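Take the sequences, apply the hints, and build the full model.
Those protein sequences? They're chains A and B, same order as listed. Positions 1 to 119 (my numbering) are the ones given, in order, by the first sequence. Positions 1 to 119 (my numbering) are the ones given, in order, by the second sequence.
One should not assume that every hint holds.
Each pair may be met inside one copy or between any two copies, as identical chains are not told apart.
Claimed, not checked - The calculated lysine to aspartate or glutamate pairs, modelled on DMTMM-like cross-linking and capped at a C-alpha distance of 20 Å, are:
{"id": "1", "residue 1": "K90", "residue 2": "D13"}
{"id": "2", "residue 1": "K73", "residue 2": "D5"}
{"id": "3", "residue 1": "K90", "residue 2": "D16"}
{"id": "4", "residue 1": "K73", "residue 2": "E112"}
{"id": "5", "residue 1": "K73", "residue 2": "E41"}
{"id": "6", "residue 1": "K90", "residue 2": "E30"}
{"id": "7", "residue 1": "K90", "residue 2": "E112"}
Simulated from the structure, these hints should not be mistaken for laboratory data. Computed from a predicted model, the values in this text were never measured in an experiment.
There are 2 protein chains.
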Amino acid sequence: MLIRDYQDVPTQDISDLPGVTIRWVISTPEGARNFAMRIFEVQPGYASPLHSHYWEHEIFVLAGSGVANNGEKETPITAGSTIFIPPNAKHQLRNTGQSVLRFLCMIPTVPEALPPSHR
Amino acid sequence: MLIRDYQDVPTQDISDLPGVTIRWVISTPEGARNFAMRIFEVQPGYASPLHSHYWEHEIFVLAGSGVANNGEKETPITAGSTIFIPPNAKHQLRNTGQSVLRFLCMIPTVPEALPPSHR
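Rendered as structure tokens:
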């Protein structure tokens, strides 16, 4: 059993994505074989890219406020919001608030979704 | 994309487990094929059973305080704690605080881990 505060997991920048950091909290290095837990922090005014891929996301918003964009409309999200993004669905999360938008984002451990060091 | 506040998902009692409720937030009915998101609430003084099974857990503590028991020792947990419970590892979460212990618990969607209605 591995127990640690998420803040003890180092944040990493994401290339070509200013204003967004990621923590790989539970993933293949910790022994997770089926799915991985990451925590993202999006600074005010920033967003993840509008994109899609063949794997799903399961998201829980921990803090802040913003919108989830499905390519056609934006839906408000805030602490306590849960989001299921099915495979191949367009998605983007944007911080429209004044504080950090922090959310858990789980993915299956498919190679294309993992950094090379985690495959 | 399915977006909803976790509090809009009904709580369910768990048979033979007083003081503990579960919300099935994202699972097979929502289209999740690889893993499921549940939220547990444990009332003060109550606990999940000390048990083990062949699937893993990935846990994020949202609120409250307690201990995680691996069968040999208890480790304090509080909001922000992350826990990886590998397959077949003994585990129990116990609320030792004065308020509800609320945590996210993700599992792979293996049939034995799902209620009959979700298989």
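Cross-check of the supplied hints:
In this homomeric assembly, K90 and D13 never come within 20 Å of each other (Cα to Cα): the closest approach is 23 Å inside a single copy and 35 Å across copies. Taking the shortest alpha-carbon separations for K73 and D5, only the inter-copy value of 18 Å comes in at or below 20 Å, while the best intra-copy value is 35 Å. Taking the shortest alpha-carbon separations for K90 and D16, only the intra-copy value of 19 Å comes in at or below 20 Å, while the best inter-copy value is 42 Å. For the identical chains of this complex, K73 and E112 are neighbours neither inside a copy (27 Å) nor across copies (38 Å), given an alpha-carbon limit of 20 Å.
Proximity of K73 to E41 under the C-alpha cut-off of 20 Å is found in neither arrangement, the shortest distances being 22 Å within a copy and 33 Å between copies. In this assembly of identical chains, K90 and E30 lie within 20 Å of each other by CA distance solely across copies; the values are 17 Å between and 29 Å within a copy. When the C-alpha separation of K90 and E112 is checked against a cutoff of 20 Å, the pair qualifies only within one copy, where the shortest distance is 17 Å, while the shortest distance between copies is 32 Å.
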